[in-house]
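Asks: Please arrange chain H on chain P, whose structure you already have, making use of the hints.
Protein sequences, first through last, are from chains P and H.
If you read the first sequence in my numbering, its first letter stands for residue 1, the second for the next number, and so on.
If you read the second sequence in my numbering, its first letter stands for residue 1001, the second for the next number, and so on.
Derived from the structure by calculation, the hints contain no laboratory data.
You may find that some hints are simply not true.
What the hints assert, rightly or not - When the alpha-carbon atoms are kept at most 16 Å apart in a straight line, the in silico EDC-like pairs for lysine to aspartate or glutamate are as follows:
| no. | chain 1 | residue 1 | chain 2 | residue 2 |
| --- | --- | --- | --- | --- |
| 1 | H | K1042 | P | D38 |
| 2 | H | K1042 | P | E104 |
| 3 | H | K1099 | P | E99 |
| 4 | P | K3 | P | E30 |
| 5 | H | K1099 | P | D51 |
| 6 | H | K1099 | P | E104 |
| 7 | H | K1099 | P | E56 |
Unchecked claim - From chain P, some residues computed to sit far from chain H (all C-beta separations above 10 Å):
| no. | residue |
| --- | --- |
| 8 | T15 |
| 9 | E17 |
| 10 | G40 |
| 11 | I60 |
| 12 | E62 |
| 13 | S65 |
| 14 | E69 |
| 15 | I77 |
| 16 | L78 |
| 17 | E79 |
| 18 | S80 |
| 19 | L100 |
Ideal Cβ placement from N, Cα and C applies to all residues, glycine included.
Letter by letter, the chains look like this.
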Amino acid sequence: DVKVTQSSRYLVKRTGEKVFLECVQDMDHENMFWYRQDPGLGLRLIYFSYDVKMKEKGDIPEGYSVSREKKERFSLILESASTNQTSMYLCATSPRGGELFFGEGSRLTVL
Amino acid sequence: GESVGLHLPTLSVQEGDNSIINCAYSNSASDYFIWYKQESGKGPQFIIDIRSNMDKRQGQRVTVLLNKTVKHLSLQIAATQPGDSAVYFCAERRDNFNKFYFGSGTKLNVKP
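The following block holds chain P by itself, in its conformation from the complex:
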């Protein structure tokens, strides 16, 4: 079974803090994605990566950056957290051309 592990299930941070969300997969998938999920808005793509050190912006990249130094790990970074970044963050992986496999999510609250 594919395992996608998000290191933190729940985080509470203050406005202006730097936040790291980590995602690790064990299936050697090329593609990795970060989505945010807000009530009634579905999942919106923040960033994705199709190879080590490669990254592409999704639909809502503002206020976020990412890092993919190793194939199995994809990090989402909030340089200066703001209250409108309070959300559920979902990491996903996929092989080329295949379905997405999701982690359990990281619920971030920014006060």
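Replies: Same frame as chain P, now just chain H:
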């Protein structure tokens, strides 16, 4: 302040009945579609997929129908069970990078 999100469409069915969840997608060039199920507090889980060269695909108790003419996707769940209660999302793939775009979801309530 706290933002007010949109309310999810909700489908309530009796245990044992069949459920049909619908989804309209936006891009006629989308070539791959997936239905995901998300239970409370968990990440989305794959249910069934279909490629654009097909119009129907069946799994165990689930069937996906694709109508490319009207850009419509549906998920049929036979003999719905309480464990089927969840939010269901459709996802469409629009490009070669395997980027998927998700609908806003439908909440399925199964009454025992």
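Asks: Tell me if the straight-line CA distance from K1042 of chain H to E104 of chain P falls inside 16 Å.
Replies: Since the Cα atoms of K1042 of chain H and E104 of chain P sit roughly 5 Å apart, the hinted pair holds (cutoff 16 Å).
Asks: Taking the shortest Cβ-to-Cβ distance between E62 of chain P and chain H, state whether it exceeds 10 Å.
Replies: Given that every Cβ of chain H is farther than 10 Å from that of E62 of chain P, nearest at about 16 Å, it holds.
Asks: Is K1042 of chain H close enough to D38 of chain P, meaning Cα to Cα at most 16 Å?
Replies: holds, 14 Å
Asks: So is S65 of chain P really clear of chain H, every C-beta pair being over 10 Å apart?
Replies: Correct as stated: the minimum Cβ-Cβ distance to chain H is 18 Å, above 10 Å.
Asks: Has the given pair, K1099 of chain H with E104 of chain P, been kept, meaning a C-alpha gap of at most 16 Å?
Replies: violated, 19 Å
Asks: Does E17 of chain P sit more than 10 Å from chain H, CB to CB?
Replies: Non-interface label stands for E17 of chain P: nearest chain H Cβ at 20 Å, farther than 10 Å.
Asks: Holds or violated: are the alpha carbons of K1099 of chain H and D51 of chain P at most 16 Å from each other?
Replies: holds, 14 Å
Asks: When you look at the beta carbon of L78 of chain P, is every beta carbon of chain H farther off than 10 Å?
Replies: Fine: 17 Å to the nearest Cβ keeps L78 of chain P off the interface.
Asks: Holds or violated: K1099 of chain H with E56 of chain P, Cα cutoff 16 Å?
Replies: The given pair, whose Cα atoms are some 11 Å apart, holds under the 16 Å limit.
Asks: Is the Cβ of I77 of chain P more than 10 Å away from each Cβ in chain H?
Replies: Given a closest Cβ separation of 20 Å, the condition holds.
Asks: Are all beta-carbon distances from E69 of chain P to chain H longer than 10 Å?
Replies: holds, 20 Å
Asks: Regarding the pair K1099 of chain H and E99 of chain P, is the alpha-carbon distance no greater than 16 Å?
Replies: Since the Cα atoms of K1099 of chain H and E99 of chain P sit roughly 10 Å apart, the hinted pair holds (cutoff 16 Å).
Comparing the model with each numbered hint stated earlier shows that hints 6, 10, 19 do not hold.
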